[in-house]
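Peer 1: Construct the complete structure from the given sequences, taking the supplied hints into account.
Chain by chain, the residues run as shown.
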Amino acid sequence: MRRLVVVPMLLALLAQTPLTAVASATGGRATPPQRELDGTRALLGVLAQTYRAADPTHEATGAARVRTMALALEGQLARWQAQGTAPAQGATSAQGAAPEQLAAALTEAHSLRRSLAASADRLQPWPLPLDVRASTERVGAELKRAGLGGAPRARPYAEIDALLADARKASADDASARGSDGGGTPDAAISASEAFALYATGPGRRLRVSDPGLAGAIDDAFWREGIASAGTHARSEIDTAATVLGDRTIGKDTVVADAAVIVFREGLEAVLILAAITASFVGARRKLRRPVLLGALLGLGATAVTYVLAQALVDALGDGGLRLQAITGVLAIAVLLLVTNWFFHRVYWSEWLGRFHRRRRALEKIDRWGFLSGQLVGFTLLGLTSVYREGFETVLFLQNLQVSAGSGATALGVAIGLAATFAVGFVTFKLERKLPYRKMLIATGVLIGLVLAVMVGTTVHSLQGLGWVPSTPTGFTLALWWGQWLGVYATWEGIGAQLAALLVVYGSYALARALQGRRYRRVARELPAEPVRG
Amino acid sequence: MIRPTLAIGAVAAAALALAACGSSTSKGSKEVAVTLTDSGCTPQHIAVAAGPVTFKISNGGTSKVSEMELKNASGVILGESENVVEGIEGKFSLNLAPGKYVVNCPTGDAEDQGTVVASGKATAAAHGASAALLARATDAYRRYVLSEVALLRAGTARFAEALQAGEVQRAKELYGPVRTHYEAIEPVAESFGNLDPEIDARVNDVEKLSEWSGFHRIEKALWEQNSTRGTEPYARKLLRDVETLQSKVKTIALQPAQLANGAVELMNEVSNSKITGEEDRYSHTDLSDFQANLDGSREAFKLLVPALFQTGNAALARTIEARFAAVQQGLDAYRRDTPLGFALYGELTKADREAFAREVGKLDEPLSTVAAKVSGA
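Chains as they are written, first to last, in my numbering: chain A, 194 to 727; chain B, 15 to 391.
No wet-lab data here; the hints were simulated from the structure.
All the pointers check out, no bait thrown in.
Now the in silico label distances, taken between C-beta atoms and shown as ranges:
hint, chain 1, residue 1, chain 2, residue 2, range
1, A, Ala327, B, Gly207, 24 to 34 angstroms
2, B, Gln343, A, Arg307, 30 to 40 angstroms
3, B, Lys70, A, Ala509, 48 to 58 angstroms
4, A, Val402, B, Lys376, 37 to 47 angstroms
5, A, Ala347, B, Glu103, 29 to 39 angstroms
6, B, Glu335, A, Trp674, 53 to 63 angstroms
7, A, Asp404, B, Lys44, 26 to 36 angstroms
8, B, Ser88, A, Ala509, 56 to 66 angstroms
9, B, Gln58, A, Arg307, 34 to 44 angstroms
Counterexamples of contact, computed for chain B against chain A with all Cβ distances above 12 angstroms:
hint, residue
10, Ile60
11, Ser88
12, Pro112
13, Gly113
14, Thr129
15, Ser133
16, Ala146
17, Arg167
18, Val182
19, Asn240
20, Ser241
21, Ala329
22, Leu345
Just so it is clear, CB atoms sit at the ideal spot from N, CA and C, and this is done for glycine as well.
Peer 2: See below:
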C-alpha cells in the first residue's frame, strides 16, 4: 500500500471547516485562478475514469488515488467558498461564481467523498462506477451553472507548472510555519492533484500510448511519495513528456540559458553603445549623461511594452502548438543570424556607432545654439533608440522560447540576463571601470552561436513535426537529452541544418577576422576606453 | 459472472489436447511472460513452438487492463487470466496446436490486439493410462456441464414464469437456487463471447443501464422495487440466452488443461471478486453463488485426480482436496434452513470475509499448478 500522507491531513482540514457552514456561506464574488478552474474540471473526469478502472478488481492503489482526488476536489471547492468572502491574492475579480451553485457543487463533492470511503476495504461492495460518474457530472454541472465551466487546453503545461509551483509553495509555507519538513499539506495536495488531473487528461492520454514507460514514471513521480509531495518530483518528468510528445521541442534548462545569453548579449551591446555615446560627456558636459540614461530606461520600458504586445499577438495566434513554435522559431533564427553575422557585424558596429557619434555631435551643437530642451529630448531619444533596438531584437527572439517552454523558464533566463547586464552597466557607468569588453563580446558571440544551433535544431524538429521539412532518420539513435538540451534529433535534415548554421556563424567570424582583423580589433578597443577616461 | 470472460472453450486444439503428462519442467515445456500495460499487453505478437505452453501474466501498467485471454480463430476463449493487478500475477496453461491464436487484453477502447503463432509439429498425443484417464475426465466434465445447463434451463423457465405471473416472492426464492447452475459452469459460458454478459452482467460491468440485461437486471427490480413490473422482457431474453447456451455447449470440446484452468478461475473469482458482495448486490444471495463456484471447481478437479495420481502427483492432489475441504467447512458455517440454503451476505463480518478469502487463496496456490501438469507443460 502506498503512503498517502495527505489523506489524514485533508480530513483534518475538512474537519476544521464544517462543510455545512461553508456550503451556506455567501459573500464576495471572486473568480478562481484559471489553473485551478482547469485543474478542478480535469479532476472530475480523471476521478471517474480512475475509479472505473479500479472497480472491477477492487484495485487498492487506484482506489486510494480516487479517494485522494475526491478529498482534493472537496477541499478545492471549500477553498473557493472561503475565498468568496475573502478573495485570494491573485484571483481575478469581476464576474465570480454564484454562491448557491458552488455550495451545491460542494455538497455533491462531499457526498461523493463519503461514498468513496467504502473503497478503502477491498472485501466489501464499492459504489457503482455509474454513480461515481454521475456524481462528478453533477459537480461539473453545478460548476458550469456557477459560471465555472469550460474545458482545459490540450497542452496545459503552463497550468501544470503553475499548480506544481503552488504545491511546492504550500509545502514550503507549511514547513516554515511548523518548523518541520512539511511532508505535504492539504493545499499542496489539492494543487498537485489538479496538476495530475490536467496531465492525465491532456498529455498523459497520448503518452500512455507513445511511451508507457515514461507515463509510468510520471505516475510514480506524482503518487509514490504521496500526491502532496509531487510538486518536487513531477515537474522534470512532465518536461520530458512534453519533449517526447513533441509539444515542447526544447528543455527548460536550455531555455533559461538561451534567454539569459541573448538578453545579456543584447544588453552588453546596449551598454557599449551607451558608453560610446556618453564617453565624451566629461566635466561640465557630464550633465548630458542624464537624458541619455533616462532615454535608456525609457527604451527598457518600450521593450517591455513591445513584449506585452508580442505576447498578445502570439496568444491570439493559438495555444502554443507546433505551428506557432515553428513560425516563432524561424523568426528567432533570423534574429540570431543578424546578431551572429560577424562579417556584417563588423560593418554594422562601425557604421552604427558612427551614426550614434554623428547624432551625438549634432545634439551637442544644439546645446551651443541654446536649445536646451531640444537637446534634452534629442539625447533622451538617442538613449531610447540605442536600447530599444537591442530590446526589440530580444523580444522577437524570446517569443519562440515563450511558446516552446512557457513563461516561467523564459522569465528566469531574462532575469539572469538582465542582472548580468545591469552588473556590467553598474561597473561601466557608476564605477567607471574598464571591463574586457572585447573578450565579452567574443564569448557571448560564441555562446549565441551555440544558441543558434540549438534553435535551428528545435525549429527544424518542429517543421518536421508539421511535415513542412522532410525527415530522414540517421540510422543511429540519440539519448533524449540530446534533443532537450542541444536540439539535436536523429534526422539528417536537423543535424545538417545545425552544422550549416554553425558553419555560417563561425565561418563568417573566421572570414571577418582574416580579412579585417586589425580594423575590427581597433574598433572594439576604442569602445570601452572612453568612459573610463571620463 | 466471471468478468469479463473466462475459459473453457470448445476448440480444434482439443484434438491434440491430451498431452503427455509429467513434470512441469519436462523437456520442451515453454513459459511465455506477458505484461499487461494500459494500452493492452506486451509482447503483442508471440511466436512459440506448438505444444504445452504456460502463460505467466503480470501487470506493468496502472491496472487499467487486468486480464489476458487467448482465443482460437473462431473467437472461442481457450485460456485466460483475469484480476491481474499490481502485485497479483496470473497464469494459465494450454496445449497449443500449430496455428494462429488471438491475444485479447481488453482496454475498454481496443480488443484482440495481439497474436500467438504456434509453429512446428503438434505434440504427440498422450498415450497410456494417463491419456485414457484424461480423456475420461474431459468426457465426464462435458456431461457435468450438459447436466448443469439442463437444470439451468429448467430453473430459468420457472423463474421466467414467476416473473411473468407477477409472483415476486416466488421469483425471489427461485433467483438464488437457479443461478447456482450457471455459477457452477460459468467458465464454459464465458467462452462464448457475449453470452455471459447477456446472462450475468453486473451493473458495474455496463457503461449504460440501457445495455444491461440478465439475472442481475431482474435482481435489481425484484429487490429494489419489490416488484416484477418491467421484468418480462428481461425474463424472455434471459430464457432465450440460456437456451442458446445450452445449444452451444452441446458442441463443446475440451482439453484437460482447460478443466484445471477453469477450476482455478472459479476460485480466483470468489477470492478476488465475489467476496466483495457485488455479485448479488441487491439480493445478497452471494453465499449460494460461492457454493456453486466451489462445486464447479471441485468437480473439475475431482475428475482430474486419477490422472494426477497416475502421474506421480498424488501429494498435490491430496493437498488440494484438503484445502477444498477447508473452504467448504468455512462455508458450511453459513448454511441456513431457507430456500436459498445460506445466510445472506450481510451476515459476514469483515473478519469472516478476510478469513474466507485467505482460505480460498490457500486453495488457489496448489490448484493453479494442475493445468501445467495435465497439459504436459
